[in-house]
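S.K.: Sequence:
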Amino acid sequence: MYSETLRASGERGFASRLLDVPNWVWWLLVLVYIGVRSWGVAGVGVYGTYGDPDDATRLIQVRELMASWNWFDTTTMKLGGDAGMLSHWSRLIDLPIAILIATFNLFMPVADAERLVHTVWPLSLLAALLWMLFKTTSHVGGKAAGRLVLLLAALTPLGWYQFAVGRIDHHNAMMATIIGATTLMWAYPQRADIWRVAGVLAGLALAVGYEALAPAVGLGIFATAWALFDRRVEKSAAAFAVALALVFAAAFVGTIPPSRWMDIRCDAISLNMVALVTCGVGGLLVAVGPGRDWTIGRRIASIAAFAAVGIVIFGALEPKCLAGPKGQLPALVLDIWLNKVAENASFIEQLFQRKFGQPLVLLLLYGIALSSQVYQVRASRSASDLFLLAMLGSLIGLACWQYKYTAYACFLSIVPMAVVFSRLGTVGEIGATTVRLGAVILLNQTTLTTLSTSINGMFGAPEISTEETRTDVLACSKPGSIRDLAALPAGLVAAHINVGPFIAANTHHRALAAPYHRIANAIIANYEIFSAHDQKSAAAVLKQENVDYVAICDGLDAPDAKDPKWTGTLKADLIDGKAPGFLVPQTLPNPHSIYHVWKVDRAALNLQLSKAAASGS
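Counting the sequence shown from 1 gives a position; our numbering is that position plus 51.
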């Protein structure tokens, strides 16, 4: 009896000490942990690399905005050759980053200001997201659930990797707004003012990039369905829809100049999407307004009619967009590059290839999250929990389809897990607090990753690429390696598509190719240069694109020498040290550089083409 009393007293004492810690301390500790953890992985964007081509390209755009403050001109000449690249990325991300750099530059050199922003910007977005997760989960499940969701967030690296130190691209902003909107709608179903904020967030997500299109459509569909069957949320759904449409339309007007309003682009905010969103919102407003007393069938029919009108206008403005965001792309660029992009891959396919590392941990996490939310729906019988289940299921489906939705699904997964874990009771002599912490420790993503890694080691397919190979690939994007090229006079460089943004960001050179579909023709030209099987073909493209330098990097390009696809090509010859006469090898300051560069000799190039023309070959 005495031991049980002592145990209960100790349990209450431990729980009391945890409860006494202010909420903001929990939030700050998790934020600091993730910041330090993400910096420790590679120090990306600070003193290591820019981490991702998107981060390097974002920095290029921000620098150009700060140099000219030409708000509407998003064309960069640093990428895409002489035609440049009309970026589809929103100025809505460039502006706050530029303001931060300009502010920090008042107190430190601009290079240090840029490094500091690589830390401040992603962690600021993460801080806002973590606070929304805490507040909404606490509102539904209590303070314990709110704190558990923070703890689970810290242990979900596949959720916060896009918010890691160094990440200044647009992905994290879209994730923060979509997940924030979802949890706000779930936690406050009858608060029209809160749903209006959620609509603003969803509108911003769409304005920033169409990656958020599918999740935003899910929010709209599920909100509409909820309003059709529950009059208590009609005003909330209307507030959400109107706010989304107004913010999206305002972003269009505020970032696209009138001269380009009819320049419809399938991959970014354009007039056709504004029309589609407006029609969709109009259908909802009719269904919850004048038609609120109609039968369900008539209300659904009215919404469908408005949607049909929107689709007709959408397609009339640009028929190719009916095929999706990639509708305007030439098919060849899909084969050359886009179909091979990792974020577009499916982890389900990897499972069939016996690559169990990440796919297995994701399946386990998603399974636990779905089971938790199904349990919640059965226990609460509430429409809000059903809404969260629908959004969770849709995001998990998207994540199974493409890796780029992994972080969305991971962040939303921890919400139902935190709520269910917070309601676990005592097990035998083990107190409730210990049981709850035990569930978090055993069932978090980090622990599950250890398990899946072990399983992959025992049953997975053997790794083809070695750690040494991966290290060499990463070295090609490091500033220290790329700056070897800075000693050469400025020019246009043809190089591996993945290092184009790093070359442009770290040197005075321009890059012909970069991993962006807006420069599809430049990507094709770059590929044709390296894949040319005869000197005439390579020379013709080099002249057409006004290329000054051809560069290869050991880590990225050397492995291609073993690939039969590249046998007999210019790339294979350059790897072997054999260059045609119109490519003159350049000596770099670093004799151990992993980059090898050849300068295009215009006279020799023209002579080569003249001889080929004279011989009729």
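Hints in this document: simulated from the structure, not taken from any laboratory. Note that the coordinates shown come from a computational prediction; the quantities given were computed from them, not determined experimentally. A few of these clues could be false.
Under the rule of at most 20 angstroms between Cα atoms (straight-line distance), these lysine to aspartate or glutamate pairs were calculated in the DMTMM-like manner [unchecked claim]:
no. : residue 1 : residue 2
1   : LYS616    : ASP585
2   : LYS529    : ASP627
3   : LYS650    : ASP535
4   : LYS391    : GLU369
5   : LYS629    : GLU579
6   : LYS650    : ASP133
7   : LYS594    : GLU579
8   : LYS613    : ASP599
9   : LYS377    : ASP281
10  : LYS529    : ASP163
11  : LYS186    : ASP71
12  : LYS650    : ASP585
13  : LYS613    : ASP535
14  : LYS455    : ASP535
15  : LYS391    : ASP163
16  : LYS587    : ASP605
17  : LYS406    : GLU394
18  : LYS286    : ASP344
19  : LYS455    : GLU480
20  : LYS194    : ASP71
21  : LYS377    : ASP314
22  : LYS616    : ASP599
23  : LYS629    : ASP605
24  : LYS587    : ASP652
25  : LYS629    : ASP585
26  : LYS616    : ASP627
27  : LYS587    : ASP599
28  : LYS650    : ASP614
29  : LYS391    : ASP627
30  : LYS650    : ASP624
31  : LYS616    : ASP386
Distance windows between CB atoms, simulated [as the list claims (entries may be wrong)]:
no. : residue 1 : residue 2 : range
32  : ASP314    : ILE492    : 22 to 30 angstroms
33  : SER310    : PRO640    : 44 to 52 angstroms
34  : THR504    : GLY531    : 28 to 36 angstroms
35  : MET159    : ASP244    : 53 to 61 angstroms
36  : ALA396    : ASP314    : 26 to 34 angstroms
Note that CB positions come from ideal geometry on N, CA and C, so glycine has one too.
S.K.: Against each hint, give a clear statement of whether it holds in the structure.
M.R.: Against the structure, the hints come out as follows:
Of the pairs offered as hints, the one joining LYS616 and ASP585 holds, with about 15 angstroms between alpha carbons and a cut-off of 20 angstroms not exceeded. A threshold of 20 angstroms between alpha carbons decides the hint, and for LYS529 with ASP627 the separation of about 24 angstroms lies outside it, so the pair is violated. Note on LYS650 and ASP535: the hinted pairing holds, with a Cα-Cα distance of about 15 angstroms set against a maximum of 20 angstroms. Between the alpha carbons of LYS391 and GLU369 the distance comes to roughly 27 angstroms, so the proposed pair goes past 20 angstroms and is violated.
Taken as a hint, the LYS629 and GLU579 pair is honoured in the structure, with Cα atoms around 18 angstroms apart against an allowance of 20 angstroms. Taken as a hint, the LYS650 and ASP133 pair is honoured in the structure, with Cα atoms around 17 angstroms apart against an allowance of 20 angstroms. Proximity of LYS594 to GLU579 is assessed by CA-CA distance (about 12 angstroms); at most 20 angstroms being required, the pair is judged to hold. Under the criterion of a C-alpha separation no larger than 20 angstroms, the hint pairing LYS613 with ASP599 is inconsistent with the structure, at around 27 angstroms.
Using a Cα cut-off of 20 angstroms, the hinted pair LYS377 and ASP281 is violated, with the two alpha carbons roughly 37 angstroms apart. Distance restraint check for LYS529 and ASP163: the Cα-Cα separation of roughly 17 angstroms lies within the 20 angstroms cut-off, and the hinted pair is therefore satisfied. The hinted pair formed by LYS186 and ASP71 meets the criterion: a straight-line CA distance of about 17 angstroms does not exceed 20 angstroms. About 18 angstroms separates the Cα atoms of LYS650 and ASP585, which keeps this hinted pair within 20 angstroms; it holds.
For the proposed pair LYS613 and ASP535, the alpha carbon gap of about 26 angstroms is over 20 angstroms, so the pair is violated. Between LYS455 and ASP535, the direct Cα distance comes to roughly 33 angstroms. Violation of the 20 angstroms bound is thereby established for this hinted pair. A distance of roughly 35 angstroms separates the Cα atoms of LYS391 and ASP163; the hinted pair therefore is violated under the 20 angstroms criterion. The straight-line distance between the Cα atoms of LYS587 and ASP605 is roughly 25 angstroms, outside the 20 angstroms bound, and the hint therefore fails.
Using a Cα cut-off of 20 angstroms, the hinted pair LYS406 and GLU394 holds, with the two alpha carbons roughly 16 angstroms apart. Proposed proximity of LYS286 and ASP344 is supported: the alpha carbons are some 15 angstroms apart, at most 20 angstroms. Pair hint LYS455 plus GLU480 does not hold up; C-alpha atoms about 44 angstroms apart against a cutoff of 20 angstroms. For the suggested pair LYS194 and ASP71, the alpha carbons sit about 11 angstroms apart, so the restraint of at most 20 angstroms is met.
The hinted pair formed by LYS377 and ASP314 meets the criterion: a straight-line CA distance of about 16 angstroms does not exceed 20 angstroms. Our distance criterion of 20 angstroms between C-alpha atoms is broken by LYS616 and ASP599, whose separation comes to about 26 angstroms. For the suggested pair LYS629 and ASP605, the alpha carbons sit about 15 angstroms apart, so the restraint of at most 20 angstroms is met. Only pairs whose Cα atoms come within 20 angstroms are accepted, and LYS587 paired with ASP652 is accepted, the gap being roughly 14 angstroms.
Note on LYS629 and ASP585: the hinted pairing holds, with a Cα-Cα distance of about 13 angstroms set against a maximum of 20 angstroms. Under the criterion of a C-alpha separation no larger than 20 angstroms, the hint pairing LYS616 with ASP627 is consistent with the structure, at around 16 angstroms. At roughly 17 angstroms between alpha-carbon atoms, LYS587 and ASP599 fall within 20 angstroms of each other, so this suggested pair holds. This hinted pair does not check out: LYS650 and ASP614 have alpha carbons roughly 26 angstroms apart, beyond 20 angstroms.
A hinted pair counts as satisfied when its Cα atoms are at most 20 angstroms apart, and LYS391 with ASP627 does not qualify at roughly 26 angstroms. Simply put, LYS650 and ASP624 have alpha-carbon atoms about 15 angstroms apart, close enough for the 20 angstroms limit, and the pair holds. A hinted pair counts as satisfied when its Cα atoms are at most 20 angstroms apart, and LYS616 with ASP386 qualifies at roughly 14 angstroms. For the pair ASP314 and ILE492, the supplied restraint of 22 to 30 angstroms is violated, since their beta-carbon distance comes to about 54 angstroms.
Remark: the range hint 44 to 52 angstroms for SER310 to PRO640 is upheld by a beta-carbon distance near 45 angstroms. Separation of THR504 from GLY531 is about 31 angstroms and conforms to the stated range, judged on CB atoms against 28 to 36 angstroms. At roughly 40 angstroms, the beta-carbon separation of MET159 and ASP244 lies outside the given 53 to 61 angstroms, and the hint is violated. Separated by about 31 angstroms at the C-beta atoms, ALA396 and ASP314 satisfy the suggested range of 26 to 34 angstroms.
Checked against the numbered hints given earlier, this structure breaks hints 2, 4, 8, 9, 13, 14, 15, 16, 19, 22, 28, 29, 32, 35; the rest are met.
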